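Chemist: Below are the chains, spelled out letter by letter.
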Amino acid sequence: MSLTLRINGEDCVIASDPETPLLFVLRDELKLKGAKLGCGLEQCGACAVLVDGEATLSCVAPAATFEGREIVTVEGVADIAEGRRVQDAFVAANAAQCGYCTSGLVVAATALALVGRPVSREEAKAALEPHLCRCGAHPRVLEAVEIATSTP
Amino acid sequence: MSLKDYPLLSDWLTLKDGRLYVRTGKVDIGQRISTALVGIVRQELTLPSDAIEVETVRTDRSPDEGMTSGSNSIEQSGYALRLAAATLRKAATNMALARIGGRPEDLRLEDGAFQAPGSNLPLSILDLAVEVDFRQPVDESAPLMPQTDGVGFPMRGLTELVRGTYRFLHDLDVPNMLHARVPRPPHARAWLEDVDTKTVEALESSGIKVIRDGSFLAVAGPREWPVIRAAQRLSGACRWNVTESLPEGDVFNLLTRENATRLAVIDGSPRTDAPVPEPLRVVDVCARYERPFTMHGALGPSAAMAVWDGTKLEITSHSQGIYILRESIAESLDLAPENVVISYMPGSGCYGHNGADDAAYEAALLAMVLQGSPVLLKWTRDDEHAWEPYGPASAVELSAKLGTDGRLAAFSAEAIGGTFRGRPRSGPDRAGPAKLLANHYREASVGPQPGAPNMNRQGGLHRNLNPIYDIPETRFVKSLVTQMPLRTSALRCLGAALNVFGIESFIDEIAQLSGQDAFDYRRFHLTDPRALSLLDRLEAALSRHPKAEGCGRGIAYGQYKNAMTRVAVAVDLTVNDAAEIKLQTAWIAADAGRIVDRDGLIAQLEGGFLQAASWALHEAVTWDRDGVTSRDWDSYRVLRFPEVPAIHTDLIERPGDPSVGAGEASPGPTLAAIANAVYDATGLRMRRLPFTPDALTAAALAT
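Protein chains in written order, with this note's numbering: chain A, 2 to 153; chain B, 16 to 718.
Don't read these hints as lab results, they were simulated from the structure.
Quick caveat, the model's predicted, so the values are computed rather than measured.
Hints are supplied without guarantee of correctness; some may be wrong.
Claimed, not checked - Incomplete in silico selection of chain A near chain B, CB under 8 Å:
| # | residue |
| --- | --- |
| 1 | Arg7 |
| 2 | Pro22 |
| 3 | Gln44 |
| 4 | Cys45 |
| 5 | Cys102 |
| 6 | Val107 |
| 7 | Arg118 |
| 8 | Lys126 |
| 9 | Pro140 |
Just so it is clear, CB atoms sit at the ideal spot from N, CA and C, and this is done for glycine as well.
Isolated chain A, as found in the complex (with noise of 0.2 Å):
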C-alpha cells in the first residue's frame, strides 16, 4: 500500500516508509533541498513547508500524516501570487545572510501573506517566533514581510 502525498501541486506516489518524517521524504526521496534539516526537533523552523496554506514543520512528523493536504515547498511558492511577492520582498530587503533559516521564512511569510491583509510588525514577530535565525538578519526579515504584506 504506498502513499500518495500532493507536493506543488502534483501527485506524488511515495517509496519511503511513511513513517519516515516528511521532510526526509522531500529531500532525500523527491530531491526537493529546499528545505533545510536544521534541528530535527521542530525546534528552528528551517523545514517549514506549506500545509493547506499554514506553515508547518516538517522534520518530524512522519509522511503518511499528510496525505490528502496540499503541501507547498519553499520550491513551488512561486506559483502562488503572494509566494511570488515575499519572495521579490526578500530579494528587495536583502532579507539574507547565510540564508540556510532562508526558505523557512519565505515559506512562514508566504502563509502570512495568504491572510490578506496588512500585518503588523509584532503579529510577524509572533508568527516568525518558530523561526531561527544566528546570522542577525531578523530586521531585513521583518521589513520583507511588511514589503509583502502591504502591497496588494
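Given chain A, put chain B in place with the hints provided.
Modeler: Positioned in the frame of chain A, the structure of chain B alone reads:
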C-alpha cells in the same frame, strides 16, 4: 600579505567563457564576503555583476589566504583583488590604445567598454582581456578607479535562496552517495567498551555499514532517514566506559591567576621577554566581568563530504580554514598533502571555528574505509550542541585609580580564560591532528594538547584588552588557563567581546560613581576625531528620541582591535516583573572607513548586535558530570524574532580612508550597552553573562 605570496594577475583573476572569475582564498561564511569582493572588482572594471563569477575556493588552486577570520578579508583579499583588477584595466587600456590610437585620457570606460571620442565602436574590456597576459605581476602602482560606496550591490545567491534552489553543502546529492552519522559517547571522557554484535549484524543485514575505529563509531547507508535511525539504534547498543566524568563545579572558580600561565601584554602583544607587571598600588575602583562557555550554534549542523579513490582524498567542507585543515587531515591519515584536496562549499553561518573541521575529518575517515563511495556526513543538532568547540569561559579583571579631576589616572586589565586556539593548525607533536575531535577516539588516538597562548598582536584573550582611551599609566596581563572542563576554540570577536563588555561597563560604572555623563566621561579620554564624531552622532540621535517612561538606556563605544571599525551603540530596554529584559530600540553608529558594500556592512553590524544580544540575554553552555546538558534549542536558548528591537544604523562615510573589517565590531559594545541599560533601568550591575531572569533576580536579592 596575500599579494606577497600570490603576485600574479592569474592568481586573482582568470577569464573563462567570456566571464571574469575572481580567485580568492576567503570563503563565504554567511558574511557575504563574495558579494563585496565582486563589487570591488566590478567597480574597478565597470562591469555588470553578472559578468563576474567567484571561483570555488579549493586548496589545489586558490590563493592560500589563511583563515577567513578576524574581519580581515576586505583588507587582505579585497586589497589584492582591487589591485589585480586595476592591473587588468591598465593592460586592457594599453591594448585599446594600440588598436584605436589616441591618448589614455581620451578613453572613457563605461559599462565594461572603452569608448574613444568620435568613435561609436565600444571596445569591451573582457574582449580585450583575452589578449592580456595574466601571468604578469599585479601592478601595485596601477591607477585605481574612484570607488563609490557600493549602493545596490545585489547579494550573491539571494534569488536562489528565496526560490530554494541555492545549494548548501548539506544539499549535495551525487550518484552512489552514502549518508553518514556518528553515534557519540555520552561525554568527552567516555570510551567505548563494546557494541552489541547482534545489533551490528542486524543493521548490516539491512544494508547499513557500521564502521568502528576504537571509540569512533559511524553508520553509513544510501538513504538519510534509515541512517539516522540506525545511528540511534547503534547508540542504544553501545556500552561506554564512564569511569571518568566531566569536571563539575563553577567554572569561574577555575579562572584565577593561580591556575593560569600569565604574560605581560605590551602595546597589544603578549610578551615572554617582559615581567608580568605588578598590580596597581592604589586602586579606587575594581570589578570582574565574566562570560560562560558559549556556542557558535550554527543553524545547520556541521557537515562534510569526502571521497577516496585509493590515491586521492577529495573533501568538500564549510570550514573557515581549508588550508590548515588539509595539512592536519593529511598528517592524520599519513597522506601527502597534495593528495588531499579540500573544496569549500557554504554551510550555514559559522561565527568562528565550529564543528566543520571535525566533520570533514570524520567524513574522510569513513571515505577511506568506503573507497569509491562519496560519503556525506552530517552532525545532528545534539552533536553540534554537545561537541562543537565552544567559545571559552573567561573573565576580565579591571581596576583603576582616578585623578583628582575624576579622570582615569591608572588602569589595569587582566584577561583570564580558556583558549580560543582550537583550530587544527599543524605543528610539533601532531598539534594539528590533536585538534580534530575524532582523533581522540580512534584506536591510534592522538590526545588533546594544552594550547599554547596566542602571541599575536590583538590575538585571543587579549584582543581589545587595552582600552581605546588615553590613560597615563596602564598594565595589561593575559592569563591563559589550560585545564578547562570543555573543549574550546575561536568564536566571533575572540576576547574582544568580553573585554569590551568589561571595559565599557567599567567606564560606565566610574562615570556613574563620579556623577559624570556617560558621553562626556568617554570624551574626556578620547582624542581620536573619528571616535569623537561617532559619539556626537550617537548623542544627537538619542536626543531626538527621549527615553520612554520605565526604559533604561545604556551606551558603549569600541574600536575593533583598536584599529578597525569604530562602533558606538545605544540601547533602550525595559525589565518586566518576571525579570525578563525586553530590548526596545537600538542605535548603532559606525565608521568602517571607505564603504565597500553598504548594505553588507549594515547587515554585519546589525547581525553582530543581534548575536551579542542573544549572548547577553540567553546563551550559556551547561553540563554536569555525565555530559553537556544544553543539547538543543530549548536547553540552549537563543534570541528569537519577538525579542528583536527596532535598530537604527548610522554609517559615517570616510571615502578617503581605507576600508576596515566590520564583522566583529559591534558585539562588544552591544554587550556593554545592554548591561549599562539594565543598570539604568534597575540599578543592578550585571557583570556576568548572560543576564537571565534568574541572574537578575539573584543580583537583586544580593543588593
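Chemist: Which of the listed hints are not met by the structure?
Modeler: 1 and 7
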